[in-house]
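Chains as they are written, first to last, in our numbering: chain A, 1 to 366; chain B, 1 to 174; chain C, 1 to 510.
Worth flagging that the hints you see were computed from the coordinates, not collected in a lab.
Using N, Cα and C, we set each Cβ at its ideal position, and we do this for glycine too.
Accuracy of the hints is not assured; some may be wrong.
Stated by the list, open to error - Only part of the chain C face toward chain B is listed, based on derived beta-carbon distances under 7 Å: (1) Ser65; (2) Pro66; (3) Leu69; (4) Gln363.
Unchecked claim - For each label pair, taking beta carbons as the anchor points, the in silico distance ranges come out as: (5) B:Asp164 to C:Ala469: 43 to 51 Å; (6) A:Asn345 to B:Gln160: 55 to 63 Å; (7) A:Ala7 to C:Leu23: 25 to 33 Å.
What the hints assert, rightly or not - No more than 25 Å apart at the CA atoms, straight line, and that leaves these computed lysine to aspartate or glutamate pairs for DMTMM-like: (8) A:Lys349 to C:Asp208; (9) B:Lys170 to C:Glu212; (10) B:Lys170 to C:Glu437; (11) B:Lys36 to C:Asp208; (12) B:Lys82 to C:Glu437; (13) C:Lys17 to C:Glu212; (14) B:Lys36 to C:Asp446; (15) B:Lys170 to A:Asp158; (16) B:Lys170 to C:Glu453; (17) C:Lys17 to C:Asp208; (18) B:Lys82 to C:Glu212; (19) A:Lys349 to C:Glu83; (20) B:Lys82 to C:Glu222.
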Amino acid sequence: MTPDQPACGPFAHDRSTVNRLMLHVCLALLPASLFGLYLFGWPAINLWLLTCAAALLSEAVCLHLLGQPLRRLLDGSALLTGWLLALSLPPWAPWWVGVGGSVFAIGIGKQLYGGIGQNLFNPAMLARVALLIAFPLQMTSWALPHPLGAAGTPDFLDGLRITFAGAAPLDGMSGATALGNLKTQLTLQRSASDILASDFRLLPSLLGYSGGSLGETSTLLLLLGGLWLLALRIVHWEIPLAMLLAVLLPAALAQQIDPLRYPGALYHLSSGGLLLGALFIATDPVTSPVSRVGRLIFGGGCGLLVYLIRTWGNFPEAVAFAVLFMNALSPLIDRTCRPRAYGRNPRGKPLVAASWTRRAKEVDKV
Amino acid sequence: MLVATLALAAMGLILGAGLGLAARLFAVGDDNPLLKEIEQLLPGSQCGQCGYPGCGPAASALLEGRAAVTCCPPGGVALAEKLAELLGVALDAGQMSAPLLARIDAAQCTGCTRCYRACPTDAIVGANGQIHSVLANACTGCGKCLAACPEDCIGMAAQQPTLDHWRWAKPQAA
Amino acid sequence: MFNLARIRGGIHPAGHKDRSAALPIGTLALPPRLYLPLLQHAGAENLPLVKVGDRVLKGQLLASSPSELSAPLHAPSSGRIVEVGPIPAPHPSGLQVNGLVIECDGEERWIDLDVPADPFAVAPLILAERVAQAGIVGLGGAIFPAAVKLKQGTRHEIKTVLVNGSECEPYLSTDDRLMRERAEAIVDGARLIQHILRAYSIVIAIEDNKPEALAAMRAASEPFGAIEVVAVPARYPMGSAKQLIQEITGREVPAGGRSTAVGVLVHNVGTVYAIQQALRHGRPLISRVVTVAGSCVTSPRNLETLIGTPAQALFDACGGLAREPRQLMLGGPMMGVQLPSAGVPLIKGATGLLALAAHELPQREAAPCIRCARCVDACPMGLTPLQMAAHARVDDFDGASDYGLSDCILCGCCAYVCPSHIPLVQYFQYAMGQQDERRNAARKNDYIKQLSEARTARLAAEEAARKAAKAAKAQQRKPARPVGEASGAAPIPESIPEPVAERISESVQP
Numbered sequence: 001m002t003p004d005q006p007a008c009g010p011f012a013h014d015r016s017t018v019n020r021l022m023l024h025v026c027l028a029l030l031p032a033s034l035f036g037l038y039l040f041g042w043p044a045i046n047l048w049l050l051t052c053a054a055a056l057l058s059e060a061v062c063l064h065l066l067g068q069p070l071r072r073l074l075d076g077s078a079l080l081t082g083w084l085l086a087l088s089l090p091p092w093a094p095w096w097v098g099v100g101g102s103v104f105a106i107g108i109g110k111q112l113y114g115g116i117g118q119n120l121f122n123p124a125m126l127a128r129v130a131l132l133i134a135f136p137l138q139m140t141s142w143a144l145p146h147p148l149g150a151a152g153t154p155d156f157l158d159g160l161r162i163t164f165a166g167a168a169p170l171d172g173m174s175g176a177t178a179l180g181n182l183k184t185q186l187t188l189q190r191s192a193s194d195i196l197a198s199d200f201r202l203l204p205s206l207l208g209y210s211g212g213s214l215g216e217t218s219t220l221l222l223l224l225g226g227l228w229l230l231a232l233r234i235v236h237w238e239i240p241l242a243m244l245l246a247v248l249l250p251a252a253l254a255q256q257i258d259p260l261r262y263p264g265a266l267y268h269l270s271s272g273g274l275l276l277g278a279l280f281i282a283t284d285p286v287t288s289p290v291s292r293v294g295r296l297i298f299g300g301g302c303g304l305l306v307y308l309i310r311t312w313g314n315f316p317e318a319v320a321f322a323v324l325f326m327n328a329l330s331p332l333i334d335r336t337c338r339p340r341a342y343g344r345n346p347r348g349k350p351l352v353a354a355s356w357t358r359r360a361k362e363v364d365k366v
Numbered sequence: 001m002l003v004a005t006l007a008l009a010a011m012g013l014i015l016g017a018g019l020g021l022a023a024r025l026f027a028v029g030d031d032n033p034l035l036k037e038i039e040q041l042l043p044g045s046q047c048g049q050c051g052y053p054g055c056g057p058a059a060s061a062l063l064e065g066r067a068a069v070t071c072c073p074p075g076g077v078a079l080a081e082k083l084a085e086l087l088g089v090a091l092d093a094g095q096m097s098a099p100l101l102a103r104i105d106a107a108q109c110t111g112c113t114r115c116y117r118a119c120p121t122d123a124i125v126g127a128n129g130q131i132h133s134v135l136a137n138a139c140t141g142c143g144k145c146l147a148a149c150p151e152d153c154i155g156m157a158a159q160q161p162t163l164d165h166w167r168w169a170k171p172q173a174a
Numbered sequence: 001m002f003n004l005a006r007i008r009g010g011i012h013p014a015g016h017k018d019r020s021a022a023l024p025i026g027t028l029a030l031p032p033r034l035y036l037p038l039l040q041h042a043g044a045e046n047l048p049l050v051k052v053g054d055r056v057l058k059g060q061l062l063a064s065s066p067s068e069l070s071a072p073l074h075a076p077s078s079g080r081i082v083e084v085g086p087i088p089a090p091h092p093s094g095l096q097v098n099g100l101v102i103e104c105d106g107e108e109r110w111i112d113l114d115v116p117a118d119p120f121a122v123a124p125l126i127l128a129e130r131v132a133q134a135g136i137v138g139l140g141g142a143i144f145p146a147a148v149k150l151k152q153g154t155r156h157e158i159k160t161v162l163v164n165g166s167e168c169e170p171y172l173s174t175d176d177r178l179m180r181e182r183a184e185a186i187v188d189g190a191r192l193i194q195h196i197l198r199a200y201s202i203v204i205a206i207e208d209n210k211p212e213a214l215a216a217m218r219a220a221s222e223p224f225g226a227i228e229v230v231a232v233p234a235r236y237p238m239g240s241a242k243q244l245i246q247e248i249t250g251r252e253v254p255a256g257g258r259s260t261a262v263g264v265l266v267h268n269v270g271t272v273y274a275i276q277q278a279l280r281h282g283r284p285l286i287s288r289v290v291t292v293a294g295s296c297v298t299s300p301r302n303l304e305t306l307i308g309t310p311a312q313a314l315f316d317a318c319g320g321l322a323r324e325p326r327q328l329m330l331g332g333p334m335m336g337v338q339l340p341s342a343g344v345p346l347i348k349g350a351t352g353l354l355a356l357a358a359h360e361l362p363q364r365e366a367a368p369c370i371r372c373a374r375c376v377d378a379c380p381m382g383l384t385p386l387q388m389a390a391h392a393r394v395d396d397f398d399g400a401s402d403y404g405l406s407d408c409i410l411c412g413c414c415a416y417v418c419p420s421h422i423p424l425v426q427y428f429q430y431a432m433g434q435q436d437e438r439r440n441a442a443r444k445n446d447y448i449k450q451l452s453e454a455r456t457a458r459l460a461a462e463e464a465a466r467k468a469a470k471a472a473k474a475q476q477r478k479p480a481r482p483v484g485e486a487s488g489a490a491p492i493p494e495s496i497p498e499p500v501a502e503r504i505s506e507s508v509q510p
């Protein structure tokens with residue numbers, strides 16, 4: 001072989017880059033994120049900035065320690081991880097929750113596995129679950145919506161105080177999320193339809209005017225970003241579709257059976273992180289299967305787990321657990337669900353050739 | 001306390017008996033089947049390039065770990081991989097050197113047939129008084145013909161690169 | 001964009017065909033020397049039939065091989081053989097290959113051509129043999145001997161002769177121009193192939209981005225029945241035989257099988273034209289149409305090129321190079337190869353000659369895989385390129401095969417869409433090469449084992465024979481004196497021993 005190797009084709013490219021993919025996802029998150037920042041005011045803005053910055057900084061430190069080029073920082077994956085983590089945190093969480101979560105997500109969730117593309121679990125969800133288990137109080141204190149500029153909203157200085165000094169929010173400023181409320185009230189022997197009738201409004205919930213994680217509240221804006229990504233084919237349609245159906249169908253069915261015990265499909269769709277999870281988190285390419293059937297199974301599994309945990313589990317919210325559980329299964333899914341190769345049956349054996357062997361004698365005569 | 005002691009003692013007895021039985025039943029005799037398997041894999045040309053007197057001694061050296069799995073140049077990477085798998089050792093393919101082949105300088109060859117007779121694989125063709133030549137696909141590069149040649153006209157050289165042997169290199173790792 | 005085609009995956013690379021497709025096929029001044037590699041087809045290398053100093057006529061047979069899987073080589077022009085030996089190869093390695101060099105005398109004197117009478121009156125196998133003698137190979141780039149395909153086809157029931165005018169590679173427009181300008185000849189060739197195979201129908205498949213070619217072919221096939229000109233969606237790799245068969249018939253060629261298994265035989269339009277020339281006019285394959293393109297070429301166009309013409313002569317005929325190219329290529333950018341220099345000759349399989357500038361080439365270095373599965377979506381063969389590359393990267397070639405390496409057609413769709421710019425195709429080439437290497441080594445090892453065992457047995461037999469002879473002599477010695485005892489000591493075989501004879505026959509037919 002010659003010392004300097006010739007280049008191998010193809011000598012054409014669609015000019016896509018990892019960086020561009022990641023930034024498109026960030027862009028798709030922007031409407032829902034801006035709405036969340038507006039809704040929860042200065043403390044949320046502080047938290048979002050800190051979490052993203054901490055993720056970028058941890059990535060830079062890890063790359064440096066691993067002796068990899070710092071250019072890799074520009075691929076945008078660390079920013080996206082930090083961003084997703086921030087969107088899944090309670091908006092008025094203290095600074096160390098966001099920063100600690102980011103360091104955990106990047107350092108342990110991603111770089112410890114070998115960096116980008118190598119991690120088994122979604123780093124943002126791994127960090128969120130770690131935080132939830134380590135700091136259950138901070139991770140379940142939900143601020144009620146306090147839009148910027150509205151009366152009684154914490155101003156910039158109050159925001160700093162809440163984020164950095166851990167100033168307790170005033171009474172009436174926080175409450176439970178819709179899912180949490182339902183869970184608590186159900187244990188008080190109230191019926192689901194009753195609770196929903198008194199405490200749940202569909203329209204504000206769809207628009208996002210309700211308590212919850214920083215970026216998960218606005219169903220419509222998340223859908224807007226998600227549809228844009230689907231149209232650009234940056235995310236595959238299989239996971240969101242399968243995941244949503246696997247939540248909505250059992251929910252609708254259960255409501256038909258016992259409306260007193262089980263809330264309906266629209267309630268599930270509009271509450272909690274289902275849409276954020278289905279469109280932006282479960283679709284993380286690194287931790288999801290690569291074949292179409294595999295993605296359908298993955299999405300279906302995520303959705304079903306979400307419904308099971310929300311309905312019968314101990315936690316009111318389930319997206320992070322469901323995604324992590326299916327992440328663990330995705331290598332197995334990849335191994336078993338492969339696309340059918342051209343000229344082969346689904347089990348990988350060559351197709352049987354039709355026997356076109358007439359005329360052998362005729363030809364011999366010639 | 002007594003029950004626990006007895007239970008532990010009983011377990012010890014049963015497991016010990018099991019181990020003893022297994023040692024009897026699955027004992028590996030002196031004629032190691034692995035040795036035969038390794039000998040089967042080796043070329044069997046007794047060329048001695050591994051540094052052992054022949055393929056049999058090389059096989060036992062491999063089995064005892066005295067020889068590296070890359071010790072057989074005629075076998076090449078393919079053989080080394082098979083041996084590594086059989087013996088359960090890691091293979092560093094980078095250690096393999098390109099196989100050398102004998103080449104006869106036609107200008108000096110007198111056709112004495114001595115190299116012809118020395119070749120363990122009949123890789124040299126020719127007849128008495130006529131120039132001999134080496135068949136590349138049968139030559140193991142053992143070099144026995146070198147010693148046999150009275151004219152000193154045989155040399156060892158790596159195979160000339162041709163398009164048949166050219167391969168794409170592995171891309172630089174990302 | 002929805003997949004309107006029947007094939008899976010595929011990509012839509014930028015065409016870059018307009019400039020070269022706009023001009024008619026041009027001709028080329030006769031170059032002073034022609035360089036002819038002996039191996040320009042898939043199969044066994046030809047053996048030269050001429051020696052240095054011989055005068056040859058245009059169309060004269062220069063080299064051939066006794067192997068069935070081969071295509072003979074003819075003189076593209078008249079002149080004198082000035083060299084038989086290594087010449088630069090049109091190959092990325094920059095190595096040399098065995099070849100012939102003709103110094104052209106400029107007279108272009110044809111050898112007497114055996115112009116056949118009405119080929120439709122001739123038996124199919126005789127026509128197929130004529131194609132074989134004309135040295136025709138698959139001109140779409142596959143360089144598989146056309147006659148071998150035809151002869152195999154006669155043994156099967158062929159429903160459809162599929163004429164491949166898809167030409168999906170960017171930049172290339174040879175088939176497009178050929179169909180526009182020589183439609184009648186192509187249709188005639190297709191009918192001859194139909195006659196050879198006794199096929200039921202002819203389908204001419206042309207990508208829908210070539211409306212002029214479609215119109216020309218429709219007009220030319222109008223007078224004949226059972227010829228269908230079909231527009232197929234423009235999508236790379238539509239021109240791959242397997243994909244085109246799937247698009248036209250809806251059936252898949254079984255893995256490891258040939259297209260005859262589904263009753264189809266595919267020939268590229270260039271090949272069909274060459275077959276028509278051979279059967280109607282007795283002309284061997286000595287020239288072909290080559291697209292010269294790329295942004296460094298002053299005026300890109302198609303040229304009728306004699307086989308063996310150095311690449312530089314083609315650039316000169318296109319007004320030279322406007323600027324220093326970053327890379328020279330043989331074939332299209334997707335599956336073509338890099339050329340070491342403009343001094344290498346064009347061969348039978350050369351569809352295009354490209355001089356590309358830096359901005360036309362992908363530049364980025366590879367980043368880690370993010371498992372985005374775009375390669376899986378793009379793969380027309382339904383494979384999992386990311387897994388194949390991951391296994392090849394750690395030299396686990398069996399693992400790579402398990403994920404479909406043996407089915408890979410090296411079309412490059414996966415590498416085209418990879419956002420991490422991973423050289424997937426090179427990983428596959430590497431893995432395939434290493435698998436070849438191992439197979440060869442294992443074969444050689446087995447062979448050597450056989451040889452050494454045979455030798456041991458032979459020596460033992462000789463020893464035994466000598467002992468027997470000695471014993472016999474000892475018996476006889478009592479009455480008489482022993483004579484010439486040493487005669488049996490050094491057995492010099494008079495004839496070539498059995499294994500050697502086998503080897504010689506093997507080296508001829510690998």
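Item to check | Pair hint outcome, lysine 170 of chain B versus glutamate 437 of chain C [Cα-Cα no greater than 25 Å] | outcome: Roughly 14 Å separates the two Cα atoms, so the pair holds.
Item to check | Distance restraint between lysine 36 of chain B and aspartate 208 of chain C, which requires alpha-carbon spacing of 25 Å or less | outcome: violated (64 Å)
Next on the checklist: Looking only at beta-carbon atoms, does the pair asparagine 345 of chain A, glutamine 160 of chain B fall within the given range of 55 to 63 Å?
Outcome noted: violated (45 Å)
Checklist entry - Hey, lysine 82 of chain B versus glutamate 212 of chain C, does the alpha-carbon distance stay inside 25 Å? => result violated (58 Å)
Checklist entry - Taken at face value, is the distance from the CA of aspartate 208 of chain C to the CA of lysine 349 of chain A at most 25 Å? => result violated (34 Å)
Checklist entry - Between lysine 17 of chain C and aspartate 208 of chain C, is the straight-line Cα distance small enough, at 25 Å or below? => result holds (14 Å)
Checklist entry - Quick one, are lysine 82 of chain B and glutamate 437 of chain C close enough, alpha carbons at most 25 Å? => result holds (14 Å)
Checklist entry - Do the alpha carbons of lysine 170 of chain B and aspartate 158 of chain A lie within 25 Å of each other, as the hint requires? => result Given that 25 Å is the threshold and the Cα spacing comes to 59 Å, the pair is violated.
Checklist entry - Is the straight-line distance between the alpha-carbon of lysine 349 of chain A and that of glutamate 83 of chain C 25 Å or less? => result violated (50 Å)
Item to check | Consistency of beta-carbon spacing, alanine 469 of chain C to aspartate 164 of chain B, with hint 43 to 51 Å | outcome: holds (46 Å)
Checklist entry - Does lysine 36 of chain B pair with aspartate 446 of chain C here, judged by a C-alpha cut-off of 25 Å? => result The hint holds at about 16 Å.
Item to check | Pair hint outcome, lysine 170 of chain B versus glutamate 453 of chain C [Cα-Cα no greater than 25 Å] | outcome: With a Cα-Cα distance of about 37 Å, the restraint between lysine 170 of chain B and glutamate 453 of chain C is violated, given a limit of 25 Å.
Of the numbered hints listed earlier, those contradicted by the structure are 1, 2, 3, 4, 6, 8, 9, 11, 15, 16, 18, 19, 20.
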